[in-house]
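Let the sequences and hints guide you as you build the complete structure.
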Amino acid sequence: MPAPVLPEVSGPAAACSAGAAPVPALRGLVVAKASPDQVFALGELLNEADPGGALGIVPLLETPQAILAAAEMAAAPRVTRMQIGEADLAAELGVTPGEDERELLLVRSTVVLASAAAGIEPPAAAVSTDFRDLDALRRSTQALKRLGFHGRACIHPAQLPIVHAVFTPSESEIAAARDLITRFDSAAGGVCLDARGRMVDLAVIRHARRTLAYTTHS
68 MPAPVLPEVS GPAAACSAGA APVPALRGLV VAKASPDQVF ALGELLNEAD
118 PGGALGIVPL LETPQAILAA AEMAAAPRVT RMQIGEADLA AELGVTPGED
168 ERELLLVRST VVLASAAAGI EPPAAAVSTD FRDLDALRRS TQALKRLGFH
218 GRACIHPAQL PIVHAVFTPS ESEIAAARDL ITRFDSAAGG VCLDARGRMV
268 DLAVIRHARR TLAYTTHS
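Counting along the sequence shown from 1, when you hit position 98 you're at 165 in our numbering, and nothing is skipped either side.
Treat the hints as calculated values from the structure; they're not laboratory data. All C-beta atoms in this analysis are idealised placements derived from N, C-alpha and C, irrespective of residue type, glycine included. Treat the hints with care, as some may be off.
As the list claims (entries may be wrong) - Label-pair ranges, simulated between beta-carbon atoms:
no.: 1; residue 1: I222; residue 2: V162; range: 32 to 42 Å
no.: 2; residue 1: H223; residue 2: N114; range: 29 to 39 Å
no.: 3; residue 1: R265; residue 2: Q132; range: 40 to 50 Å
no.: 4; residue 1: D167; residue 2: R199; range: 15 to 25 Å
no.: 5; residue 1: G120; residue 2: T177; range: 22 to 32 Å
no.: 6; residue 1: Q132; residue 2: A242; range: 36 to 46 Å
no.: 7; residue 1: T249; residue 2: G215; range: 45 to 55 Å
What follows is the structure, given as structure tokens:
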């Protein structure tokens, strides 16, 4: 499921004025160059303008300081998911990602871990600026999905079908998830085995339920 397209704001003051009614179609705000102070301040402004809590916050982590504070921002009120601004971050770190982009593995895993620990949605993957090489986009998006990302930001309409296809569960994945949940429910707390005879625990069932949830959203 691709990441939702949300407007970016450069600071809390750009979010809304106190007492302003949020736009009905607006789901949240992406905060560029996010920092903990900025995210918490924006949350306070939104509490005044949107007391119902409809609007979420998506911090865009583009600095080394933001990566080190990822866990703090993930746990902040109204933060629904996070995203990495890899172009700016790589420049600040002084790294040049190679074809497999392993230079960014630690950064990416840190944000995935922080998101999971805070109980928010998995992070959205960063954009690919090479919008002409769709095969490379598919390969990198599949790798990011395996790493724990769900959704990816896009900068060109041609990228949307590729990203959507990668993050939309396949027919076989949906069938397997339904089968697991049926077996688990039928076991009624007893030993549950999958179709290949492997023992199934609650973590596997949570993953199956998430697969079906993404199917519903798609």
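The hints, checked one at a time:
Evaluation of the 32 to 42 Å hint for I222 and V162 yields a failure: the beta carbon distance comes to about 21 Å. Between H223 and N114 the C-beta distance comes to about 36 Å, which sits within the given range of 29 to 39 Å. A hinted range of 40 to 50 Å holds for the C-beta pair R265 and Q132, which are about 43 Å apart. Checked against the given bound of 15 to 25 Å, the beta carbons of D167 and R199, roughly 20 Å apart, stay inside it.
Distance hint check: the CB atoms of G120 and T177 are about 27 Å apart, consistent with the given range 22 to 32 Å. For the hinted restraint 36 to 46 Å between Q132 and A242, the CB-CB distance of approximately 45 Å keeps it satisfied. Distance hint for T249 and G215: a CB-CB separation of about 26 Å, inconsistent with the stated range 45 to 55 Å.
Violated hints, listed in ascending order, are 1, 7; each of the other numbered hints is respected by the structure.
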